[in-house]
Structure formats: structure tokens, C-alpha cells
Amino acid sequence: MNQIAPVAALRSGGCGDAPILRERGQREVFCGLTGIIWLHRKIQDAFFLVVGSRTCAHLIQSAAGVMIFAEPRFATAIIDERDLAGLADANDELDRVVGRLIERRPDIKLLFLVGSCPSEVIKLDLSRAAQRLSRQMAPDVRVLSYSGSGIETTFTQGEDACLSSLVPELLAEAADAAPSLLVVGALADVVEAQLGRLFTAIGIQDVRFFPPRNSRDMPKIGPNTRMLLAQPFLAETGRLLEARGAQYLATPFPLGVEGTTAWLQAAATAFGVNQDHFDRAIAPARDRATGAVARHRAQLEGKSIFLFPDSQLEIPLARFLSRELGMKLVEVGTPYLHRQHLAAELDLLPEGTSLSEGQDVDLQLDRCRAAAPDLVVCGLGLANPLESEGMTTKWAIELVFTPIQGFDQAGDLAELFARPLVRRMKLAV
Amino acid sequence: MQLTLWTYEGPPHVGAMRVATGMEKLHYVLHAPQGDTYADLLFTMIERNAKRPPVTYTTFQARDLGSDTADLFKTAVRDAYARFQPQAMLVGASCTAELIQDDPGGLARALDLPVPVVAVELPAYQKKENWGANETFYRLVRAFAGPVERTPGGPRCNILGPTALGFRHRDDVREITGLLTRMGIAINVTAPLSATPADLVRLADADFNVVLYPEIASSTAAYLDRQFGQKSTKVIPIGVGATRDFIVEVAGLAGIDATAVLAESQSNLPWYSRSVDSTYLTNKRVFVFGDASHAIAAARMAEQEFGFKVVGLGTYSREFAREVREAARLYGIEALITDDYLEVEEQVAALQPELVLGTQMERHIAKRLGLPCAMISAPMHVQDFPARYAPQMGFEGANVIFDTWVHPLMMGLEEHLLGMFREDFEFNAAPSHLGASATPARVPEPVLETVAAQAVPDSSVQPQPAGPARWAPDAEKELSRIPFFVRGKARRNTEKFASDQGLTLITVETLYDAKAQVGR
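Chains A and B are the protein sequences, given in the same order. Reading the first sequence from the start, the letters are residues 1 to 429 in our numbering. Reading the second sequence from the start, the letters are residues 1 to 520 in our numbering.
Quick caveat, the hints were computed from the structure, so don't treat them as lab data. Cβ coordinates follow ideal geometry from the N, Cα and C atoms, glycine included. Do not take every clue at face value.
[As the list claims (entries may be wrong)] Covered stretches of chain A, as calculated for chain B (at least 3 residues, CB under 8 angstroms):
#1 29 to 35
#2 45 to 56
#3 76 to 83
#4 117 to 128
#5 143 to 155
#6 379 to 386
[Claimed, not checked] The calculated DSBU-like cross-link candidates involving lysine-lysine, where the alpha carbons are at most 35 angstroms apart (straight line), are:
#7 B:K51 to B:K367
#8 B:K74 to A:K123
#9 B:K367 to A:K109
[Claimed, not checked] Partner residues are not named here, just some residues of chain A that face chain B (Cβ under 7 angstroms, in silico):
#10 Q26
#11 A63
#12 V97
#13 R100
With the hints as constraints, model all of the structure from the sequences given.
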């Protein structure tokens, strides 16, 4: 089994200061509204009302809706020409729509008004609308707002915007409160449970997850809050939590054995956990994960991979793929690179890795075709066309909609990349 | 503002995309913010297209607003032309770009490209997908179709309306092309699907037009009639009867004799429907909803070719509301014209049909309500693009539809056995040929919940002047023995009967009195 070097020993190499190719052209990415697809299942008493156009409604149902047969906890208030012409006061209209919604879903305790491209362009002030509606519906329903518009957010940035809108709602914790750990970013329920058990084993008792499953269980925050980001796309949420006093723990993200170990280690160090105790506490899960990942290494080792920008998970994934599975990184694209939150990840990437930020999709496709990688990670709009050109692809969105974090998902994560290759080998038609 | 959970149609620029993606050698540059590229996946994932749609998006962001979105657009058009070398370009704006008013048409024309540029203005805050497809197709035909020297020989027609992402459009075109060919009619151009801009130039080289999808081709057909005197078919050849009517109509337009074609044309549907095994289909209550053409055709088939009873008929195509209202009158019902999914759900719940014929949205509704459902119209999902040849139109289409609609239903004897031995613990309430997974979602039946909730408090307040009648426990138990697919109707009929009779308590006797009076 290959030994994973401790993180600190590798600081000298890496891509920390590497140049990056920045492109501005057609971006084949989702907008931030798409985050509603997982957020509406995560916070179980919350409802997401997009204030937008028919395009917004169509986007969400196309990206996800048809997969969900239960009544979704999201909807769109579609702006029509009367709203634009000023014949109907858009605010009165919004109040009417929210009234109808709450009447239909009295179980809703937290309502997000989600801004869109059209609502931003016509400057409909949703934060004031949220305050007004919150006053009207207090104490039964709290109303917040954020923008998931494509002109301001790319895909997972929608979660960042949503969580940012929740930060001011968090109650302050006393300055002398015992230290607590805040895990930030929506995680699958199963991952949360696993991580919770690991933290207990490590000896960190007070662990809070943000966002919580219920809006009435919002964690408190204060100067003794230590914060671990579970997702790499939470730039603004992280900044706001730091402004509320939380201490940011710099670490790679919990993807793969190495990432998860480092991530847990960051918390253990911050809480002064004895190193031997920590090693013992995580050993069973870590060993299990190491074995699970190793099973896929033969399939992936030495294979080249090209990652199109999608979720901002690309850099941590590339680190996992190159260091734990031995894959060769052809190009690692990301819609947006947050150098501070990704510093530890960049340090771990092989020196000279080709990084790109933003996109000009046709040029990037040219580079991809020229490189002819063994595996391409890309969005749903590109996957079938590339397959028909003979490439093997992995849908990027599955990496967002599948539990991949933590030790017990490390093998599953590797398998997600191995599967398309296995499939291509297996098919004889 | 309209509260929308699900939408039947996308925005109008998606209609334009369906036209552009169906065609060849045409490229569409869409002024649109980041995120609107989601529409690509409709084609690459739902329809499994092997090529990306021929669409370039400007994907502007906030930082571009107010500064250089117009430049961004011009660059996108120039680059797209250089890369894709189309015969013609289509340009337009999505909903957000419409608000920033950059004038895509003017900007693109100013570039002086060596190919024609067609600009489409699609008001995103008033109109929807099918209107957008209709308008785009019309604008393209207006721009390209011109007088031509006619090809000598027998009758020729165009086939108008099929697009990318249409409900079985590819297979319908194949079926109808075969039918027309058997009739001795040459196909001049099929458009938009598989046509190039150059093909549109020679549309006038035909005697008449076959309009398969009026939602998409009505404006084009009217224009071609005005401009070149080409008449169009009106009958949509879905179902055996309609296909025969279509043959007669086409023969009239082509000036040929259809007797031989009518005599040799066969479908299995008439015999399958007449065979005694199908007796159980008689007067099954069906609810029909879809685009106007498919809904009207499905209702006719349901009544005349399956022997069902149409209890609800509606469409989300407001442009064709009049036609659907007229059709509904044939069945003595009021048409439901709405694009509000919640209204459709309400009506389905109230009518408790035994079969829902609808779109992907009605599939959601039917699943929630535990009702059998078959698809007749867009919008649809990846499973509605089957690998096999599965047209809706023509005689083979009728065969496909027979199988599709009968499949989700309980078969004849099984339905009887289930009715007789409801308490057999091994029966579940779904047709056995669909397997266990087809068990209707165990949605807590709202009706039962209401009863349970009312039963306790109400019993303490015996005299109950205005409220609804209460179910006695034994009556409620008896009701639960009735198969699920008629239980809702039995409950409603009984409660209405009780209230008409001024009863406050529903007993087993009341249940059967009601059945005798109002049961079917």
C-alpha cells in the first residue's frame, strides 16, 4: 500500500503559486439556482421560491425536477409582462404568491426568496421583500433572500449564497463558551452521521453542522467556534462566519483518505487532541477506506483525466485522483478559484498541473480533443457528444449529488471514476 | 406573477432551439446569461443527441452588464460563424437579454457575415416554448422560401412541424413518409427536422403541405398558403380513424384516388379492441391532458377506438384553446385550459379517473394519486425516447398506442378477481404484470385521513346540522374493500348521496343505496 506523506512535508512542491489559464467565453455551467435541488432536501422545513422567469422554472425542473416525484419544496414565481410594465406592483404580486404558497404548505418554517437574472436586472429588491414578509408572517415563517442568478453565481455558488443569507440569523454564542466545532456545507445525511461518530471517537464532543436539517436547529456562533469547511465553494459563507468570530481551520477537503485524514486532523489539532489518540480513533475507518480505494487503483493508475469546470470540487478531486489513484492530470478546470480556501489543496497537486479558471467551452473542447484523455469529467450538456466522439466521460453533476466525502465514501468516489472505464471495456456493441 | 411548481413549456427561446437543433447547417447565437446553457442537456440527455445543439450562448455575467454585453454578443456571433460555417445564422435573446435590449438582430447584421442572418424576437415574459418554435420556423421560412421552378411529375408535398425534442417526431416522420410514399406522393422537404436553410428555399416546389404539428407549423403553413397557394392538411393522423381521414384529406389535396391505399392499410388496433379480452376497457374513465393536437387526438381514440369514457380533457396550449373546447363538447364536458400544474392535479383528484393520459406532469400527478398513466404528449422524460421504433401517427402509431395505453391497466379477469377477493393478503393494488415496483405510491389517502380525523371528535357531537355525513366504522371498512381505483369515486358518490338525502351517518346500507343510485 502506498504510504501517504504527511501534508506538511509537501509544502515545497505543488501548485500554490502556479499560473492559471483564465478564460472568458461561453461557459457551459449551471447557475446558482441549481443548488436548490439539494438544499431543498437538506433543510427539511425550508422552501425555496425563485423569483424569476419561465427559464428559471424550466432550468430547475430540467436539471432535477423530473427526478423527484414527491412534491418539491421549491417553486418559481414567474415574472410576467404585467410585472415588468409596472401595471401590477411586483411586490404586491409577490406577497400574493407567497400567501398562496404558505396556505398550501403550512409546514414551511423558513422561506427563501431566491433572486434570478431577471429579478436582478429589473432590480427587484428581494431583501426588503423578505423583511416585509418576515414581519407579516412572524413568528410562524421566517423569510430570507439570496441570489442564485447566473449573472452572479455559478452552480455551487448558489449554496454559498444561501448559507451566507443564513449567517446573520445565527445566534451569538457567549465569549466564554466552551470551544465547539462547526462543519460548514451541505453534506448527505449519511456522511454527517459518519463524521459525527468520528468526531466523537476523536474526542470532540460539541460538533454542529451548518446548514442543519431543521431551520430551528441553527447553530450558535462565537469566538470559540472553530470552523471546518466541508465544501470548497463556500467563499462568502466562510468570510461571514469569520467576521462573526469563527476560527477558520485551513485544510484540504474531506475527499479521499488523505483529504479526510487531513481534514479531521485540522480539527483534532485545533482541539488539542493527543496525536496517538487521534491516530487510533480514525484507524479503523481510515484502513477500511485505504483498502476500498486501492481496489480501484489498478483500473485508474496511469490513466489521464481532463476536468471541465463545474462545481469547484475539481481541484480537491484532482488531488485525490492524482495522489491516491495515480491518475495523470491533463487539465483541471474550475469555474472559480478561491486561493485561500484551496491553498492546502493546491500545495498537494503535482507541480506543473495545468489549471484553468472560467471557460471558453469551444476552445476547451479543442484542448480536450487534442489531448485525447482516457477520462473526461464534464457537465451533462457535453457528456453524450463527447462519448459519441469516442471519449469516456464522467458526469460532473453526479459528484455533487452523491455522498463522496469522508472515509466510508472514498472507495465509492474512486468507483465513480472507474465505472465509465469499466463500462467502456465491458461493452462489445 | 404566477406560482409555478412545474411548467409544461419552457421559455420561447427553447422553442427556437428545438427548431435550430432539428435543422442542419443552421447556427443559433443566443444572447443569454450564464446558466442558460442548461437547455443543452434537454437535447443531449433527454433526447440522447450525439451532437451538441448548434447553439452558442454569450453567457454574460454581472460584470459585463452595462459595459460590453453588445461587444460580447458580436464576438460570439463572429466566432460561431468562423467555427461552424453554417449556411445561415439565427440570432436572438433569452429572457434576461431581452431586458438589457442589446438588439441582437441589428448587431449581427452589422457584422456583414457572408451568410443570411435571421433575427427572432421572442417575448419571454408573454410567450412560451411552442409559440417560440412556431415563430422561429415562420421567420426562417419567410426569410428563405421563394418562388421556384416546379419539378415536373406526380404530386409533391412538404411535411411541416417536426423538431428536435418532439414527442416521437422522428418516428412519426418515418411513418407518415412511408404512408405518403405508398400513396404515390413525393416528399419535397421535411422541416424543420433534418432540413437545411437551403432546403427551406425550395419549399414552394410542392403542391401542398402536410402539417403534423400545428403547434409548431401553423404560422408557416398559413404563410405558405398566402404566398404560394399551398393548402395544408388539417387532420392529425393519430388513431386508426384519424389516419383514414388523413388519407382521404391528402388524396383530395393531391388529386388522387385513395381507395386502394385505404383498402390495403391495416392496423391491429380494430381487432384488438373488438376481441372480447378488451371488454374490460368499456367505459373506463380517462382523463386526457397534453398539447392541443395530441390531447384532441387521444380523446377521439379513447372514445371511439378503445371504448373508454373521456371524463376530462384539457391542454396547456392556450393558442389552441378553441379547438380543445370544441372537442370537449363532443364528450359533454368542459375543457380545462391551463398551464397551472396545480389546477390539473386538482381536477384529476376530483375526477378520480381510472386512467390518465398525459404528459410528464400528469405522470407525477398520477403517481401521487396512485392512478395508472400513459404518455401522449410533450413535455417528456428520457424514457419517452424509446430505442425501438414507436411512432404515434399512422397505422403503426395506432398499434403502439394500443399497447401503451392498455399496459398500465389491470387486465380483465384480474380486475374481477381483485374486486371479489380484495382481502387476499397477497393481492397488491397494482396490475400483476407490472410487478411489485408498480405498486402505487403509498400516498396517505387524503380521504381516509380526513375520516379518521373527523371520526373521533364528531362522534361526541351527535346532531350535526350542516357538516358532511360521518362514516360509521363498518361502512368505512366496507369502503376499504373496494378496489383502490374506484374507491375515491365510491366515497364521493356516497357522501354526495348522503348529503342529498340529509343523512348524517353513512352505514353499509347507505354505501350500497348510493351504489344502486349513482354507481356506474
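Taking the hints in turn, this is what the structure says about them:
1. 29 to 35: holds (count 6)
2. 45 to 56: Coverage by chain B holds here, the residue count being 4 at a Cβ distance below 8 angstroms.
3. 76 to 83: holds (count 7)
4. 117 to 128: Check passed, 5 qualifying residues.
5. 143 to 155: holds (count 5)
6. 379 to 386: Since three or more residues must qualify, the claim that chain B covers the segment 379 to 386 of chain A holds, with 7 doing so at under 8 angstroms.
7. B:K51 to B:K367: Holds. B:K51 to B:K367 sits at ~33 angstroms (cutoff 35 angstroms).
8. B:K74 to A:K123: 26 angstroms, holds
9. B:K367 to A:K109: 27 angstroms, holds
10. Q26: With Cβ-Cβ at 5 angstroms, under 7 angstroms, it holds.
11. A63: For A:A63, the interface hint holds, since the closest Cβ of chain B sits about 6 angstroms away, which is under 7 angstroms.
12. V97: 5 angstroms, holds
13. R100: Holds - the Cβ of A:R100 comes within 7 angstroms of chain B, reaching about 6 angstroms at its closest.
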